[in-house]
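Asker: Residues per chain are reported as follows:
Protein chains: 4
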Amino acid sequence: MTDDAGPRGNTDREAGSGQDTEKETKIHAQLKEGSLKLYELEKELPAPDAIRVRREYIEKETGANLRKVGIFSIDVERVVKRNCENMIGTVQIPLGVAGPILVKGENAQGHYYLPLATTEGALVASVNRGCSAITKAGGADVRILHDGMTRAPVFAARSIVHAKEVTDWVMAHRDEIKTAAESTTSHGKMTDITTYIAGTSVFIRLEFDTKDAMGMNMVTIASAKVAEMIAHATGAQLIALSGNMCDDKKPAAINTIMGRGRGVVAGVKLSHELIQKVLKTDAKTLHEVNYRKNLIGSARAGSLGFNAHASNIVAAMFIACGQDAAHAGDGGTCMTTIDLLDDGVYVAVTLPTLPVGTVGGGTGVDCQHECLNMLGVAGSGNPPGKNAKKLAEIIGAGVLAGELSLIGALAAQHLARAHQQLGRG
Amino acid sequence: MTDDAGPRGNTDREAGSGQDTEKETKIHAQLKEGSLKLYELEKELPAPDAIRVRREYIEKETGANLRKVGIFSIDVERVVKRNCENMIGTVQIPLGVAGPILVKGENAQGHYYLPLATTEGALVASVNRGCSAITKAGGADVRILHDGMTRAPVFAARSIVHAKEVTDWVMAHRDEIKTAAESTTSHGKMTDITTYIAGTSVFIRLEFDTKDAMGMNMVTIASAKVAEMIAHATGAQLIALSGNMCDDKKPAAINTIMGRGRGVVAGVKLSHELIQKVLKTDAKTLHEVNYRKNLIGSARAGSLGFNAHASNIVAAMFIACGQDAAHAGDGGTCMTTIDLLDDGVYVAVTLPTLPVGTVGGGTGVDCQHECLNMLGVAGSGNPPGKNAKKLAEIIGAGVLAGELSLIGALAAQHLARAHQQLGRG
Amino acid sequence: MTDDAGPRGNTDREAGSGQDTEKETKIHAQLKEGSLKLYELEKELPAPDAIRVRREYIEKETGANLRKVGIFSIDVERVVKRNCENMIGTVQIPLGVAGPILVKGENAQGHYYLPLATTEGALVASVNRGCSAITKAGGADVRILHDGMTRAPVFAARSIVHAKEVTDWVMAHRDEIKTAAESTTSHGKMTDITTYIAGTSVFIRLEFDTKDAMGMNMVTIASAKVAEMIAHATGAQLIALSGNMCDDKKPAAINTIMGRGRGVVAGVKLSHELIQKVLKTDAKTLHEVNYRKNLIGSARAGSLGFNAHASNIVAAMFIACGQDAAHAGDGGTCMTTIDLLDDGVYVAVTLPTLPVGTVGGGTGVDCQHECLNMLGVAGSGNPPGKNAKKLAEIIGAGVLAGELSLIGALAAQHLARAHQQLGRG
Amino acid sequence: MTDDAGPRGNTDREAGSGQDTEKETKIHAQLKEGSLKLYELEKELPAPDAIRVRREYIEKETGANLRKVGIFSIDVERVVKRNCENMIGTVQIPLGVAGPILVKGENAQGHYYLPLATTEGALVASVNRGCSAITKAGGADVRILHDGMTRAPVFAARSIVHAKEVTDWVMAHRDEIKTAAESTTSHGKMTDITTYIAGTSVFIRLEFDTKDAMGMNMVTIASAKVAEMIAHATGAQLIALSGNMCDDKKPAAINTIMGRGRGVVAGVKLSHELIQKVLKTDAKTLHEVNYRKNLIGSARAGSLGFNAHASNIVAAMFIACGQDAAHAGDGGTCMTTIDLLDDGVYVAVTLPTLPVGTVGGGTGVDCQHECLNMLGVAGSGNPPGKNAKKLAEIIGAGVLAGELSLIGALAAQHLARAHQQLGRG
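Residue numbers (the working numbering), protein chains in the order written: chain H, 1 to 425; chain V, 1 to 425; chain F, 1 to 425; chain G, 1 to 425.
There's no promise every hint is true.
Identical copies go unnamed one by one, so any copy, or any two together, can satisfy a pair.
[To be verified] Keeping only pairs whose Cα atoms sit at most 30 Å apart, straight-line, the calculated DSSO-like set for lysine-lysine is:
no. : residue 1 : residue 2
1   : Lys136    : Lys37
2   : Lys225    : Lys280
3   : Lys23     : Lys37
4   : Lys104    : Lys189
5   : Lys189    : Lys178
None of these hints come from the bench; they were simulated from the model.
Please work from the sequences and hints to get the whole structure.
Answerer: Below, the structure is given as structure tokens:
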């Protein structure tokens with residue numbers, strides 16, 4: 001193993017490392033007695049050592065062997081500051097590729113290999129089959145439907161009369177609010193502001209174009225500034241910077257209806273021949289599976305999601321690409337539609353809320369950065385925002401591939417069974 | 001670095017490996033011309049080599065350097081068969097620990113360090129603070145509310161009369177259905193069956209005790225058997241083995257109301273003193289933040305989730321512990337409540353649907369297995385099911401810690417601002 | 001006009017009635033000064049006079065002429081005790097009929113004229129057209145999907161541990177609870193009990209077969225008995241007899257999924273010829289309107305209802321038949337499906353929650369009783385429950401007629417427009 | 001009975017009316033044989049006679065006596081043309097009054113008696129008690145949150161690319177669309193336009209200020225014009241003038257979030273003394289009932305409504321005031337909040353969607369017109385729109401009264417029970 005490639009400094013008890021000295025022995029004792037906190041280790045030791053010592057401490061405390069966790073190759077200096085406190089190593093998620101898939105977006109154009117980090121067997125294979133169908137069909141059209149990250153502070157008003165005065169004030173001072181909001185960021189632009197009243201609670205939902213960032217931090221900082229301004233001017237009391245009408249990391253109709261982050265729609269037309277050849281089923285069956293499962297079944301279940309397994313693809317690509325994995329659930333609100341045409345089907349996925357970015361967050365962690373590079377979207381785009389939109393478009397195409405493949409499989413199985421039934425009859 | 005610890009065989013171009021021979025050159029050519037598929041590499045080469053060759057091919061095709069992706073320590077023999085097709089390496093997710101947290105469940109009892117795989121800065125620190133508050137308060141009570149994985153095939157009936165006959169037949173043959181279902185599994189037990197009609201669509205929702213497995217595969221196989229039986233007996237046509245009333249990986253009221261997988265509730269009482277000391281706020285403010293944000297805000301947003309950021313903790317623990325990351329969104333349907341008491345507050349989180357397991361899926365991947373070991377829940381429990389319930393309880397406690405900490409932070413911030421406002425006034 | 005038919009005693013200032021005497025003058029003065037309350041008039045005067053005096057008082061206070069309100073023919077003795085306090089007269093709602101419609105239910109079988117009380121022009125005509133199509137097609141099949149009225153008291157537990165103990169106690173004492181519940185009613189039977197926990201809040205949802213009554217009162221009384229028993233045995237504190245998991249008069253997924261009151265499904269097959277002749281459109285267009293409007297549109301809107309205007313028919317029939325008009329919104333959760341067949345379409349409506357009864361509530365008011373008689377369902381059925389189910393089935397068929405007609409009209413219009421567009425092209 | 005007050009011409013078999021002649025005998029025969037349709041009677045006879053003959057025919061066909069249905073006093077000439085086809089009489093709904101209630105809106109200011117048409121015993125008494133509490137507390141503040149009726153046609157696009165072109169075209173031609181829309185109405189003003197894509201389905205949601213009309217017809221006519229324009233310009237195919245993102249008469253998050261018709265919020269502060277005196281409970285208990293029932297219970301039930309029984313009041317006032325009763329379900333989406341203050345509670349109801357009007361629809365029917373007169377809101381307001389807003393504000397105050405009273409009753413009962421429990425302990 002060459003030096004520069006090796007996961008240096010974080011395998012257990014490396015020979016001759018010389019770290020296992022007095023200092024560390026003392027640190028262990030301090031941790032044990034509580035005079036030193038686990039999270040303070042980075043103050044005492046270089047990051048790789050802090051991680052190792054912490055891991056060893058956890059091993060002792062829990063009796064677990066954490067050897068594989070302790071072997072990693074990513075550069076941790078930045079990670080311990082920006083991405084993860086109390087770090088003890090990494091978890092390695094198997095990374096597969098699906099594709100190539102031909103994407104015809106406004107930003108992403110060309111053939112892409114999709115990075116999918118997953119432990120769910122068959123997922124990569126399934127997406128791969130969908131990519132093949134789409135590419136053979138001439139590619140997936142993709143369009144951005146929405147582009148704006150939101151944050152909605154909540155205020156307490158003294159009465160409903162006061163609540164109305166607050167929202168009136170806000171709507172009358174949109175320009176000042178925009179100026180104040182944008183003073184906190186060099187990139188973001190405030191694009192919308194809506195107000196909601198629920199009794200004495202007032203919600204101000206601010207929306208920003210956050211360019212290549214997913215933008216939640218940017219928007220939170222801007223919202224703090226705006227919230228202070230509103231509280232000062234109206235006498236409303238700020239209760240929480242996030243009032244859940246944002247609505248972050250919770251499935252919510254406000255997001256599916258109005259959008260949050262990037263919203264995308266992707267579609268492809270498949271001929272009868274292609275359906276038969278790649279998916280081993282027919283147009284009518286594909287349509288019926290989608291109709292009874294994704295539309296009627298989801299409706300009957302009181303669901304906010306009308307798809308087969310969109311969040312599988314979103315989760316796998318989010319993890320691979322350094323996106324916030326807690327947002328993967330947003331993929332679950334996808335709506336998949338299959339229109340029956342004379343000459344085949346038109347399959348589409350509509351993803352109202354995909355909070356993605358190519359700068360900030362986990363995008364700078366080494367492996368994740370490499371995955372973004374695979375898609376040609378690492379870092380800032382030109383113009384700013386283009387890379388994040390590109391990523392959203394590619395994920396949209398990936399979801400289309402995944403939906404197509406699973407619905408096709410269900411349909412083929414169903415056909416198979418129908419045949420069996422006939423045979424028995 | 002000792003031999004057995006090293007990520008041997010998958011760093012690029014290892015000196016003297018000798019693999020880069022004629023055979024591989026030929027394979028590259030075949031891949032390029034399409035006569036060999038990327039997914040066929042494991043048939044030609046040992047898994048580590050197949051992964052490396054595939055990665056090199058992707059590097060060439062995309063121009064991306066995937067060096068860090070290519071360095072990993074997990075054993076890939078099993079992974080390429082069970083967890084990930086078309087593998088090119090791994091993505092390393094930073095792993096932090098929070099805790100110890102004292103958990104007082106029916107299954108999990110004691111102090112635990114929580115493994116959190118995340119790239120979201122401040123998350124581990126936040127959960128850590130919550131763990132501290134909970135442990136100081138005497139620990140988190142946790143109870144299992146529900147234990148049953150579901151699958152709901154959808155059938156087409158000829159008419160609504162036929163649809164009703166199908167559901168009548170099913171309810172009259174529960175015992176035979178149970179026998180048939182359980183004949184497909186050595187562990188699972190069918191625990192419930194409910195039927196739903198939507199026009200001519202009939203949904204049969206089967207629920208199983210899947211012991212230590214998350215159970216979706218087990219349940220799918222059993223459902224296939226049952227579905228065939230129903231179709232044969234009633235003449236209804238099976239449309240899809242999953243009819244979205246399961247409802248898997250989509251936010252759905254049916255899951256939040258009736259539960260899916262393990263449902264858990266966790267709670268802790270905090271005294272005024274502790275609130276002040278650890279969270280730097282007071283009982284009334286904590287209550288008000290939760291009331292206006294998590295209850296009123298979420299309600300006003302048409303949300304199925306009434307929490308601050310539960311899916312952050314669920315996602316981070318799911319990824320660390322080899323759970324299906326696409327289920328992390330289920331954490332978003334958590335309901336957090338803060339009751340105001342004379343002597344403090346009672347904080348609780350109710351998670352109606354946590355699909356977790358300690359065997360199968362990603363739980364056998366090395367790093368993930370180590371994380372499960374940290375919690376003492378790797379593999380089958382004694383009795384079977386105990387480990388999965390333990391894991392669910394620990395995650396429930398972790399979510400409680402996360403909610404407490406973020407709501408506390410919002411509340412403290414709000415107090416700070418209130419003070420600022422007063423100062424200005 | 002014959003004496004017994006006349007709205008005697010409540011027209012204004014009838015000649016020679018002699019009531020306008022000293023006593024009433026005194027009463028007016030007492031009302032004015034507040035020593036007598038408006039609702040106390042029935043203690044002083046016979047019901048018709050009390051109504052008249054109250055109306056005259058309101059006329060004076062508001063300056064409004066309420067002459068038409070004051071003319072009515074219903075017997076008010078019972079009404080003022082059971083249906084309406086502070087009565088000043090009646091509001092006359094125009095009553096139209098649609099039909100005959102052939103209904104093929106399990107309880108309702110034959111041709112029916114549907115009574116529709118409405119002020120919405122075109123509604124009766126529209127339903128009438130739907131009835132015609134259905135009857136020509138051989139009638140509407142209807143089935144009862146669910147039969148059970150619910151009430152869900154909410155309790156406060158001391159902790160989540162206590163909450164779990166409460167639900168455990170309830171599930172372990174189902175038989176005693178059933179006995180206690182049924183001791184409060186001569187007709188009702190407890191058919192199900194489910195429990196839900198949300199933090200320290202415990203919800204016990206009780207379901208009853210209420211025979212021919214809509215049953216909410218019956219169920220509330222039984223729930224009071226059960227709630228007391230649970231509180232006494234477990235130490236949980238009863239917070240409200242109705243805890244909104246019932247869920248009464250609010251649109252809620254728990255009702256659409258699990259049913260409340262009577263749930264019905266109605267369906268009919270229409271041939272291509274009939275679609276063309278009666279609805280002036282074709283199968284494919286009918287299907288597409290339903291697909292894009294009722295399924296995709298409603299899903300995109302975050303709706304719990306997937307229909308065109310089901311609540312129009314439910315409201316009009318509920319008002320005509322003395323049902324609780326505040327339940328009419330439950331009709332809005334209907335799901336309408338149109339399956340495309342080789343030889344036409346199969347149209348169905350699924351109404352998960354129709355709280356109807358033929359005894360109690362407004363069913364005994366004279367006009368309403370007459371409307372129930374039109375359908376042959378007034379009073380108790382034989383066996384008990386049959387009349388209420390019959391009514392539910394007939395309303396289900398009526399909704400089917402209404403949906404068919406409006407969707408047909410939209411489809412025909414769309415065709416017309418398509419033609420216009422072609423003409424222009 | 002004086003002539004002009006009597007329900008002339010529609011009681012059964014009036015002596016000497018002379019109508020029962022040959023002509024009618026012939027008509028009966030024609031109806032029987034089907035050569036004359038029931039709905040054609042108004043062409044043959046004056047409205048009162050047509051109604052009578054039709055009723056007599058229904059009586060014969062069904063065997064039901066419809067005497068009370070046949071006695072009415074409203075003028076039917078206009079009703080048979082505008083409000084109800086196939087009319088056979090009326091249904092009389094008992095009308096009670098609650099109040100006076102002091103309303104402090106922006107449009108409605110003063111004391112009002114609320115007309116409530118209902119057959120649900122105790123409702124009027126309950127609202128009356130709430131009115132008393134509110135008036136004693138100094139009146140209900142009310143504000144209009146939203147004013148705009150919507151219609152959302154749905155179009156089919158050829159692909160998602162085409163779908164995006166359609167929405168782009170619409171947003172680029174807002175001014176022309178507004179001009180076209182407003183050309184169809186003398187009163188309405190287009191106030192907003194939003195677009196939604198779901199695969200190949202495109203929804204254009206148009207919002208109008210409809211002044212004193214509820215406005216659904218006005219908006220539908222304007223939407224037809226706009227839809228034609230869009231279809232012509234973009235080549236998208238109009239599928240249905242109403243695409244269910246309106247969303248009319250279905251419970252939908254889009255309406256609760258964005259509003260439809262008039263949205264109102266009403267609130268009142270109650271002192272400890274008043275709570276004790278009028279509601280026989282205390283602030284803390286009131287708060288807790290609302291917290292556990294209306295917020296937590298509804299959330300746990302997957303409900304779009306967070307109230308106790310708002311639709312009871314909305315239904316009773318809608319029926320009394322000639323509003324569309326099928327909209328009463330919209331009241332069910334009300335959110336009721338009770339904030340605990342040092343000196344009492346602040347109670348508020350937020351009704352996001354109240355589709356009301358004072359002209360058109362059922363507002364011109366005699367009894368209903370009288371009820372509107374009781375509130376001083378019949379006909380067009382000055383300026384236009386003022387009467388409809390006034391009505392919305394008064395209904396909002398009425399809902400506040402109803403909520404306060406029922407929550408108070410639940411709270412008092414709960415206290416009583418708590419006492420009982422103590423006694424037993």
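Asker: Look at each hint and say if it fits the structure.
Answerer: The hints, checked one at a time:
1. Lys136 with Lys37: For Lys136 and Lys37, the Cα distance is within 30 Å only across copies (15 Å; inside one copy 57 Å).
2. Lys225 with Lys280: Classified as between: cross-chain Cα gap 22 Å, same-chain 57 Å, threshold 30 Å.
3. Lys23 with Lys37: Only inside one copy: Lys23 and Lys37 sit 15 Å apart there, 54 Å across copies, limit 30 Å.
4. Lys104 with Lys189: within (27 Å within a copy, 40 Å between copies)
5. Lys189 with Lys178: So Lys189 and Lys178 pass the 30 Å test inside a copy (8 Å) and across (28 Å) alike.
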